[in-house]
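Chemist: Here is what each chain is made of, one letter per residue.
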Amino acid sequence: MKWKKYLSLTRAGILEALQYRLGLFVMVIGNLIYLIIVYFLWRAIYASAGTDVVNGMTFSDTLIYLVLATALFAFMEMYIVWEMGRSIQTGAITLTLLKPMSYRSYSFWNCAGGVIVQFFCTFLPTFLVVLLVTKGAIPLGINLLYFAVSVILSVSINFSIDLFVGTICMYTESIWGINIMKQVVVLLLSGATIPLAFFPEPLKTIAYCLPFQSIYNAPLSLLLTANPQPSVIAETLGMQLVWSIVTMGFSRLFWQVSLRRITVNGG
Amino acid sequence: MSYIIEIKHITKEFKVLNRHEGLKGSLKDLFSRDYRIVRAVDDISMNIAQGEIVGYLGPNGAGKSTTIKMMTGILQPSSGEIVVNGQIPYKNRTRNAKEIGVVFGQRSQLWWSLPLVESFKLLRDIYEVPEAEYRAMLDLYRSLVDIESLLHKPVRQMSLGQRTLSDILAAFLHNPKIVFLDEPTIGLDVSMKAKIRTLIHALNREKQTTVILTTHDMGDVDALCRRIVIIDKGKMLYDNDIEHLKRFFGSYRTLKIRMDGDLQQSAEAIAQQMPEFRVSADTDWISVLVDEEQASVMAVLARLQERYRIRDMQLEEISTEAVIKKIYEEGTQ
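Top line first, the protein sequences correspond to chains A and B. Position one of the first sequence corresponds to residue 1 (this note's numbering), numbered consecutively onward. Position one of the second sequence corresponds to residue 1 (this note's numbering), numbered consecutively onward.
No lab work stands behind these hints: they were computed from the structure. Treat the hints with care, as some may be off.
[Said to hold, decoys possible] Derived DSS-like pairs (lysine-lysine); straight-line CA-CA distance at most 27 Å:
#1 K121(B) / K99(A)
#2 K8(B) / K2(A)
#3 K235(B) / K326(B)
#4 K177(B) / K91(B)
#5 K98(B) / K99(A)
#6 K326(B) / K193(B)
#7 K153(B) / K4(A)
#8 K91(B) / K153(B)
#9 K153(B) / K99(A)
#10 K99(A) / K177(B)
#11 K2(A) / K91(B)
#12 K2(A) / K177(B)
#13 K4(A) / K235(B)
#14 K4(A) / K326(B)
#15 K8(B) / K99(A)
#16 K326(B) / K99(A)
#17 K121(B) / K177(B)
#18 K2(A) / K121(B)
#19 K4(A) / K8(B)
#20 K177(B) / K193(B)
#21 K98(B) / K4(A)
#22 K91(B) / K99(A)
Please build the complete structure, drawing on both the sequences and the hints.
Modeler: Okay, structure coming up:
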């Protein structure tokens, strides 16, 4: 009974996402175009490098990684920053604040619906295509399970970061620039645009110290390794769990402080 | 008697940055700490009983929305006490939320792209309404309005009137103790306005729901409210029955007469004859605003008939609208 309201919100999110069929098609096509660009870009990079292996990754390694990262991005994007920005600007946020649940869980469960739809529309097809085309480059075993756990943690971290960035909108009342900045930072430092293996050493160290790499790099490296060491699995998932808790804590604290500022000072 | 809403001397102040003009001023503003305090609500007290419909009126920017935001718990008063349904709203916002419903005429809480019934089901789950109560509520709705045609229609395809109607139904769905209606009839046609007023009235009567109604449409007030509260510039101007309001301003009625000849000249002559009343003329009628405490309308009519051949007459009660207009413009003094 207690979970019913959350599941109901997710259900509504799914229904809502399915209403916009054209949007879903366009999203799939947009991703395809992006992937074509990625393919030619990296082919050129490998051609100019003159070797088959760059930074320990072959061309097909890199490509598989980036294709899946793109699919993962398309699937996890919750558009929460946009949503928050818009509802703060228009004042529609008051209606959500007057619901008998916290804003955080309300938006999480509502957006979860869209994420589920996107999983089936973008990630799963891409994954299957990569699986068929590369014939065995993706190991199918226990790693899928680790990957699934890892992705759930990624979604949680991604959500917390989005909520944190969205909260900034309460102060700035504009969101466009902040959101673009967030996207660039997250996509770069998470290894979604360029595999972390290609980063220069200092930047790599920085990236590993930040939460972003836990979003894309962590699940993908678990997925693409056939028999990972238990210590590696524990480290990756442990790191994600820690980041998930830390980002949740920070975003929650920031949201509450900001909300309090609004209730005291008015918005 | 216990009240569902108790407000004692609440005040709400906002800190606003003093903005300067022009490019130079705007640059200066980036680093300015030059704030001024704006008092949006200034020492307001009222008690509202369960089941009342209270018209909460005031000109634009009077502080109505701020008061409502304090009652719903979105804003915390700078000083004073506010208790809604036994709780302090800003401390227990989510708990308070279960017992209130809101309709903001300008925006919708419904899920835009989904059929109305999906929004209802979702609200049922969010507010944890038991299935039996939900069904009973839908049956009640069916008896009041024709919702069958609306239930399976996506909200984005609805007309403004249908959407507002749906929003009101959605706000009452979890049988809240209090419903805040913020300009529910804004932008609606006459017949839709009437429909919505009937609906609000019926729901209030059936469920004993307390309704706080802000509006600029005096038709809403006349149709629904027995009690009205008027504020302006954050200060309380009036809190009493609507009948009392008219007496409060003297018992004015407007006598309108039609006669031959130049109405403008006749009006001036009448004004000289009866300096105690305001006389005006338009192309068809001469209007005499009679204060019944000084003379009855019949006596005035008799006096006029002695001197003029009156061809037609009308008597107008002073409208709520006129009284409210007078209060907004002149205050209660």
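Chemist: Which of the listed hints are not met by the structure?
Modeler: Violated hints: 2, 8, 13, 14, 16 and 19; rest satisfied.
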